[in-house]
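Since each chain sits alone in its own frame, please combine them into the complex, following the hints.
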Amino acid sequence: MKMTHLAAGIAATLIAAGPTLADTLHFPNLSYRTGPFAAGGIAFADGYADYFTLINERDGGIGGVPIRYSECETAYNTERGVECYQSVRNDNPLVLQPLSTGITYQLIPRTMEDGIPMHTMGYGRTSAVNGEVFNWTFNYPANYWDGASVIINYLLDENDGSLDGKKIALVYHNSAYGREPIPTLTRLSERYGYELLTIGVDSPGQEQGSQWLQIRRERPDYVVMWGWGVMNPTAIQEAANIRFPMENFIGVWWSGSQQDVLPVGAGAHGYKALAMHGTGTDYPIYEDLQRYVIEPGKYAGTGDEVGTVLYSRGMYAAMLAVEAAKKAQEIHGVAAITPAMMRDGMANLEITEELMVELGLPNFGPAFSVACENHGGSGAAMIQQWDANAREWNLITDWIEPDRELIMEMAMEDSLAFAAENAITPACLN
Amino acid sequence: MPDTLLFAMEATLNGLTAGVMYALVALGFVLIFKASGIFNFAQGVMALFAALTLVGFQSGQIPFAHLINAVFGTRLHQFGWNMPTFLAIPATVLVMILLAVLVERYILKHLVNQEPIILFMATIGLAYFLEGVGDIMWGAEVKALDVGLPKGMSGAVDDITFAWFGYGFYIDRLELWAAGIAGILVASLTIFSQYTKQGRALRAVADDHQAALSVGISLRFIWVLTWSIAGIVALVAGIMWGSKSGVQFSLSLIALKALPVLILGGFTSIPGAIVGGLIIGVGEKLFDFFMQPVIGGATENWFAYMLALAFLLFRPQGLFGEKIIERV
Numbered sequence: 026m027k028m029t030h031l032a033a034g035i036a037a038t039l040i041a042a043g044p045t046l047a048d049t050l051h052f053p054n055l056s057y058r059t060g061p062f063a064a065g066g067i068a069f070a071d072g073y074a075d076y077f078t079l080i081n082e083r084d085g086g087i088g089g090v091p092i093r094y095s096e097c098e099t100a101y102n103t104e105r106g107v108e109c110y111q112s113v114r115n116d117n118p119l120v121l122q123p124l125s126t127g128i129t130y131q132l133i134p135r136t137m138e139d140g141i142p143m144h145t146m147g148y149g150r151t152s153a154v155n156g157e158v159f160n161w162t163f164n165y166p167a168n169y170w171d172g173a174s175v176i177i178n179y180l181l182d183e184n185d186g187s188l189d190g191k192k193i194a195l196v197y198h199n200s201a202y203g204r205e206p207i208p209t210l211t212r213l214s215e216r217y218g219y220e221l222l223t224i225g226v227d228s229p230g231q232e233q234g235s236q237w238l239q240i241r242r243e244r245p246d247y248v249v250m251w252g253w254g255v256m257n258p259t260a261i262q263e264a265a266n267i268r269f270p271m272e273n274f275i276g277v278w279w280s281g282s283q284q285d286v287l288p289v290g291a292g293a294h295g296y297k298a299l300a301m302h303g304t305g306t307d308y309p310i311y312e313d314l315q316r317y318v319i320e321p322g323k324y325a326g327t328g329d330e331v332g333t334v335l336y337s338r339g340m341y342a343a344m345l346a347v348e349a350a351k352k353a354q355e356i357h358g359v360a361a362i363t364p365a366m367m368r369d370g371m372a373n374l375e376i377t378e379e380l381m382v383e384l385g386l387p388n389f390g391p392a393f394s395v396a397c398e399n400h401g402g403s404g405a406a407m408i409q410q411w412d413a414n415a416r417e418w419n420l421i422t423d424w425i426e427p428d429r430e431l432i433m434e435m436a437m438e439d440s441l442a443f444a445a446e447n448a449i450t451p452a453c454l455n
Numbered sequence: 048m049p050d051t052l053l054f055a056m057e058a059t060l061n062g063l064t065a066g067v068m069y070a071l072v073a074l075g076f077v078l079i080f081k082a083s084g085i086f087n088f089a090q091g092v093m094a095l096f097a098a099l100t101l102v103g104f105q106s107g108q109i110p111f112a113h114l115i116n117a118v119f120g121t122r123l124h125q126f127g128w129n130m131p132t133f134l135a136i137p138a139t140v141l142v143m144i145l146l147a148v149l150v151e152r153y154i155l156k157h158l159v160n161q162e163p164i165i166l167f168m169a170t171i172g173l174a175y176f177l178e179g180v181g182d183i184m185w186g187a188e189v190k191a192l193d194v195g196l197p198k199g200m201s202g203a204v205d206d207i208t209f210a211w212f213g214y215g216f217y218i219d220r221l222e223l224w225a226a227g228i229a230g231i232l233v234a235s236l237t238i239f240s241q242y243t244k245q246g247r248a249l250r251a252v253a254d255d256h257q258a259a260l261s262v263g264i265s266l267r268f269i270w271v272l273t274w275s276i277a278g279i280v281a282l283v284a285g286i287m288w289g290s291k292s293g294v295q296f297s298l299s300l301i302a303l304k305a306l307p308v309l310i311l312g313g314f315t316s317i318p319g320a321i322v323g324g325l326i327i328g329v330g331e332k333l334f335d336f337f338m339q340p341v342i343g344g345a346t347e348n349w350f351a352y353m354l355a356l357a358f359l360l361f362r363p364q365g366l367f368g369e370k371i372i373e374r375v
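Here the protein sequences line up with chains Z and D, keeping their order.
Just remember that this note's numbering sits 25 ahead of the position in the first sequence, which is counted from 1.
Just remember that this note's numbering sits 47 ahead of the position in the second sequence, which is counted from 1.
Isolated chain D (complex conformation) (with noise of 0.2 Å):
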């Protein structure tokens, strides 16, 4: 087999990989746009709050210590213990669930009936707060991250492909192990609002606002529900995207990958989600492949954008979108 196909195949290897990275930040946008037709704009910022409340926990930080210590002239930093990730998490995932809470207590609940464009705006004032309050609560610091993913070239796939083509290909375990999480959670999901009475409600939620209220769903309990969930996937895109280069703020920038993903999926579909994460990673890489020696490389963070402006000519509402028809 020739070298340019096998680099070829392993470039797409790993391109369906990192799909699955940048679908995981999408998922959290997807669900709170279908639920609410708000495009959550913080949905990065959580990610990065979630990443550092978790590494917070672990390490035994004492949160708003620097707050602390400015206004009491104190000293303190940690609390001298160190928390297991399986607490830590779960202690984490409450930390989101209230985080929900107070954002439909003193956001949402305001603007009920609002137009789309104000509730975005409202989330672009909810990015800048959490992002400060982030700083505040755990500093500004670069974190290591473990909870325990593998990471490094996976030696099985290497081995494999190398007795089948002689030469063996690299996959990163910590982005195989993504995949299988993300696949958990979109199944998860599939099932909730599928087989689960709330999940029900959010569908009906999702399709008729109106409708769902005249039968006695509580849409003030589906918004924290919605974005419960948004802030438990926001966890799990940080602890992968966190696990890879460390907890710091540029960790929000994630958000900016999931934007491509969301044109070419469609706003409204979870299947959309992971299809777009997967057609942008495969996309740019094999991009990056192939040009790379023609126009020098970088061209990642634009191609996927053009990639998707691409889709937008034809499919507007994304490959999964639902198309909207209105009477004129």
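Excised from the complex, chain Z in its bound form (with noise of 0.2 Å):
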């Protein structure tokens, strides 16, 4: 009876200490910090988190709610990701970040049947950019194959408009992720007129001597990679090792951070990958991450990744979650928002220069809206290339523009195919 009393109270005192969960804005996220990608998913979650914890600090919250922010562990494990997605589900979740695409294929269908908008930035499934089939998931600013697109307009800039006759090689992770790439270069490489030759490379891919024998015999003039965790050190390596040019050389934003180039060292002078956001610590907004975050030690992990590419990543998929959050309450007229109102303002997300500016990160990403119909954003991206001696990323061009035709039609035929095998009737939710 004591015990029964005992637990009561306990509860009772939970219950009645700080903000109730109603009153908050919770933002889960699957994290990876364990595992053997680990160092990536540290550097991403330091980022979203640190975000969070600004908006906390220095703002009150969101529209005066407070956020609250949670991490569960995937170890960039498909199922570990789905149990997470369970545990978080009942616990109001405004915008899920499954943070691979593997998890993000299995939650596409229980977010659909849940009401539970996901953000799947930079990665995920491509078709997810129609909106009128894939109502919760969202993948602004950009995609693979907006990503895939950006590099061969990029190679088509260097070679005076004209790929015809030219060989380029995808060194890509045997994966859904790796494999995603693989139809739009095969389309473009149609209209373009260059050879596609296609290498795959098993996870976690720490071996890659057949792949790159395989590259110096074929002699592609470019090689383009969709690579993740040990995979990319050790084909950049690899790379240095055969002597293939540098420049000619270019990974997708997963195969473009610190990590990536700097065991290799000098060897990586030179390589290229995409950058779907700026990178570094001179934009405005780190003055405020200093004096609200950093200064006082309220900073995530270890508080070693502020600045780094990943980091800047889940920095900037926290700003655009905090900015639909804001949508939403506009939109509703409600600051305490469920995740269905979030959806509505991810849905009606409008990222101008203006906003970039007044948030403290100009020309950081793109100028984008969403709608309906493009889920997407911009699709823009641009090149950035390593210094070695400098250890650091240097943008090397301005904001590239995908064929966003083609990628749409694509995204088309695919999410219909997805919508007819699901019994999914194609309309938009707003």
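Be aware that a few hints might be false.
Sample of chain D residues lacking proximity to chain Z, with all beta carbon distances greater than 12 Å (derived) [unchecked claim]:
| id | residue |
| --- | --- |
| 1 | Thr64 |
| 2 | Arg122 |
| 3 | Val159 |
| 4 | Ala169 |
| 5 | Ile171 |
| 6 | Ala187 |
| 7 | Leu192 |
| 8 | Ala203 |
| 9 | Ile207 |
| 10 | Ser235 |
Cβ-Cβ distance ranges computed for the label pairs, FRET-style [to be verified]:
| id | chain 1 | residue 1 | chain 2 | residue 2 | range |
| --- | --- | --- | --- | --- | --- |
| 11 | Z | Arg316 | D | Phe119 | 45 to 55 Å |
| 12 | Z | Arg216 | D | Pro340 | 20 to 30 Å |
| 13 | D | Ile183 | Z | Arg135 | 30 to 40 Å |
| 14 | D | Pro197 | Z | Glu138 | 54 to 64 Å |
| 15 | D | Trp349 | Z | Asp246 | 27 to 37 Å |
| 16 | D | Ile183 | Z | Ile267 | 37 to 47 Å |
| 17 | D | Gly107 | Z | Glu82 | 28 to 38 Å |
| 18 | Z | Glu215 | D | Leu303 | 34 to 44 Å |
| 19 | D | Ala138 | Z | Arg135 | 43 to 53 Å |
Which chain D residues face chain Z? A few, computed with CB under 10 Å, are given here [as the list claims (entries may be wrong)]:
| id | residue |
| --- | --- |
| 20 | Ala65 |
| 21 | Asn116 |
| 22 | Val189 |
| 23 | Asp206 |
I should point out that these hints are in silico values taken from the structure, not numbers from a laboratory.
We put the CB at the ideal spot given by N, CA and C, even for glycine.
Structure, rendered in structure tokens:
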């Protein structure tokens, strides 16, 4: 009897203490700080968490409602990702960041059924750009097919508008993620006349001897990489070993962080990668981050990742989530929004350069607006190049637009096939 | 000479050097299995832990800095000095010996006479524990490892083969060094086990625990010795693989490369680990070379296991393993 009273007393105290769950805006993160891909996961999670901390500390939350941030460890493992989803789905999650293409594919039908929005920034299922089929999934500001198209457009610029007769090798992580760009690059090869050579690397990708021997034999003009984790530095090291010209080696945005080039040392000099956002600490927002988050010691993790490429990506994802929440509050006229309201905010999100300047992130990301027909933003990306001497990434182009006409055409085909398989009638929710 | 033959020869040469890299990991497994009958699931994590410790010493990183900072609110990261490689390697060896002592004292001592599966389960626990400790101790970020080993294409091999065939073969200098180091390692282990008192004691324990105990050999000492040697072998494997693509947590997965090597070479034979590694290395490179145009690439992970499976059908004990005959 005494134990029952004690338990009831503890429960009452917990409920009375602090804001109730309904008084907060819950932003869960299906992060991975352990396992073979931890190095990338930690940087993203730190950036994502620090931005929410900044909003709480500086602004008192969003629209006066504090943010509640939580992490669930997936170790970049699809099964664990689904378990994490089960653990947060009833905890009013405003938007999910699955941080893995494999997990995304598993969660798309579940989030559709549960009415929980999901943001897969620069990863996941590309055809989710069609919001008439994928009402609850958003992949702005860019997706894999955009990335592949941006690389080809960049190479067209470099080659006076013609890739006819050129040979381009795609070295890809042999997974759902790595295979994503193949349809786009194949379609573009038919249009521009280049020969596409696809070379898979099994996860995790520590041994790539055969692949780079093949590249040495085939002598492609360019190598494009869709890698992750240890596959990236191994590939860059192998490219340096066979003396492949680094300026002709271009990675996707998941193959272009400090973790990918630093282990290679001087050999990585000149390697290029896509950038869907700016990087480094030369943005006014870092003054606020320093004052409200870093100096008081409220940073996530160890604070070592601040300003790195993947930290910047996490921070950018959080910024887009906060802006969508503000939009949702504006649309519905309530501060304590629900996941369904958040979805409306995401579906009507508009990011302008004026807003980016106001947020302390001038020219950090592209200007774009989201609509039911396009959940994917502008798709624009820049090219960055690694300077091994200065140990920094330098942006070497302005925003490059993808071939959106082709991508939307392909996305329509794929999304309508998904709709037919799952008995979905394409329609906008608002 | 036809191009295909030249390319196949190049693939074979690369397979041989890659095989040595696999054999380096397999050696650690063999040593422990041979001396104590334990399949050490933690061998890959030991390679990771050793490499993390070496880089930590080299870069003057304060161990457990993140934990100290979190508890005491400090901002410690570095000692402010870098340890030269010739000191960092012996310091790491001492850490691996200390680890061996702790493993014996807190795990193995309590599991004497237990079934092999119990000991195997204990090493699974050890693997998770070491991975977690490595993370807390040195952090999870990717670290560059440089012990002065040369990397990149071997100009000499390129020149010689070009002079012979009109086509220069590619060989990574790091893998050539790995082959040399593996040779020295195997020779040292052989000399140690054949010509030293401790080595002979180790072989006696491997042959028959009870008989070795009856003549006064300390089982506890032999276990510490075996795990220390396996720790040193793990350090060598960690250095080689870490130099290739940085020290990060996926390094522990190199153990997966050793399993087919062990199945093929036998769990109790040091030469078997080397020969098994070479067969797997050459087999997977040639298979990829010939089959890539037909079935696409990315065959390396599963082909090694298929090859090992085929061997299992004909020689379950592996090429050099001891044939176990039991009276039923």
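Tested hints:
With a least CB separation of 8 Å from chain Z, Thr64(D) falls inside the 12 Å interface cut-off, contrary to its annotation. With 12 Å as the threshold on Cβ separation, the claim that Arg122(D) sits away from chain Z is violated: the shortest Cβ distance comes to roughly 8 Å. With a minimum CB-CB distance of about 33 Å to chain Z, Val159(D) clears the 12 Å threshold, and the non-interface call stands. Distance check on Ala169(D): its Cβ is at least 21 Å (rounded) from any Cβ of chain Z, clearing the 12 Å threshold; non-interface status holds.
With a least CB separation of 16 Å from chain Z, Ile171(D) remains clear of the 12 Å interface cut-off, as annotated. Residue placement check: Ala187(D) does not keep its beta carbon more than 12 Å from all beta carbons of chain Z (closest about 4 Å). Leu192(D), annotated as away from the interface, has a beta carbon of chain Z within 12 Å; the closest lies near 8 Å. The non-interface label for Ala203(D) is consistent with chain Z: the shortest C-beta to C-beta separation is roughly 15 Å, beyond 12 Å.
Taking the minimum C-beta to C-beta distance to chain Z, about 17 Å, the non-interface status of Ile207(D) holds against the 12 Å cut. Every beta carbon of chain Z lies more than 12 Å from that of Ser235(D), the smallest distance being close to 26 Å; the non-interface claim holds. Separation of Arg316(Z) from Phe119(D) is about 23 Å and departs from the stated range, judged on CB atoms against 45 to 55 Å. Taking the beta carbon of each, Arg216(Z) and Pro340(D) are about 25 Å apart, inside 20 to 30 Å as hinted.
Here the CB-CB span from Ile183(D) to Arg135(Z) is close to 34 Å, well matched to the stated 30 to 40 Å. The hinted window of 54 to 64 Å between Pro197(D) and Glu138(Z) holds, with their beta carbons roughly 57 Å apart. Checking the proposed 27 to 37 Å range against Trp349(D) and Asp246(Z) shows it holds: the Cβ atoms sit about 31 Å from each other. Look at Ile183(D) against Ile267(Z): about 38 Å separates their beta carbons, and that is inside 37 to 47 Å.
Between Gly107(D) and Glu82(Z) the Cβ separation comes to about 33 Å, which falls inside the hinted range of 28 to 38 Å. One distance hint, 34 to 44 Å for the beta-carbon pair Glu215(Z) and Leu303(D), holds here, with the actual separation near 39 Å. Checked against the hint of 43 to 53 Å, the pair Ala138(D) and Arg135(Z) passes, with Cβ atoms roughly 50 Å apart. Because the beta carbon of Ala65(D) sits about 5 Å from the nearest beta carbon in chain Z, less than 10 Å, this interface hint is met.
Proximity of Asn116(D) to chain Z holds as hinted, the smallest CB-CB distance being about 7 Å (cut-off 10 Å). Taking 10 Å as the C-beta cut-off, the interface hint given for Val189(D) holds, the closest approach to chain Z being about 4 Å. Interface restraint check: Asp206(D) against chain Z, minimum CB-CB distance 14 Å, threshold 10 Å, status violated.
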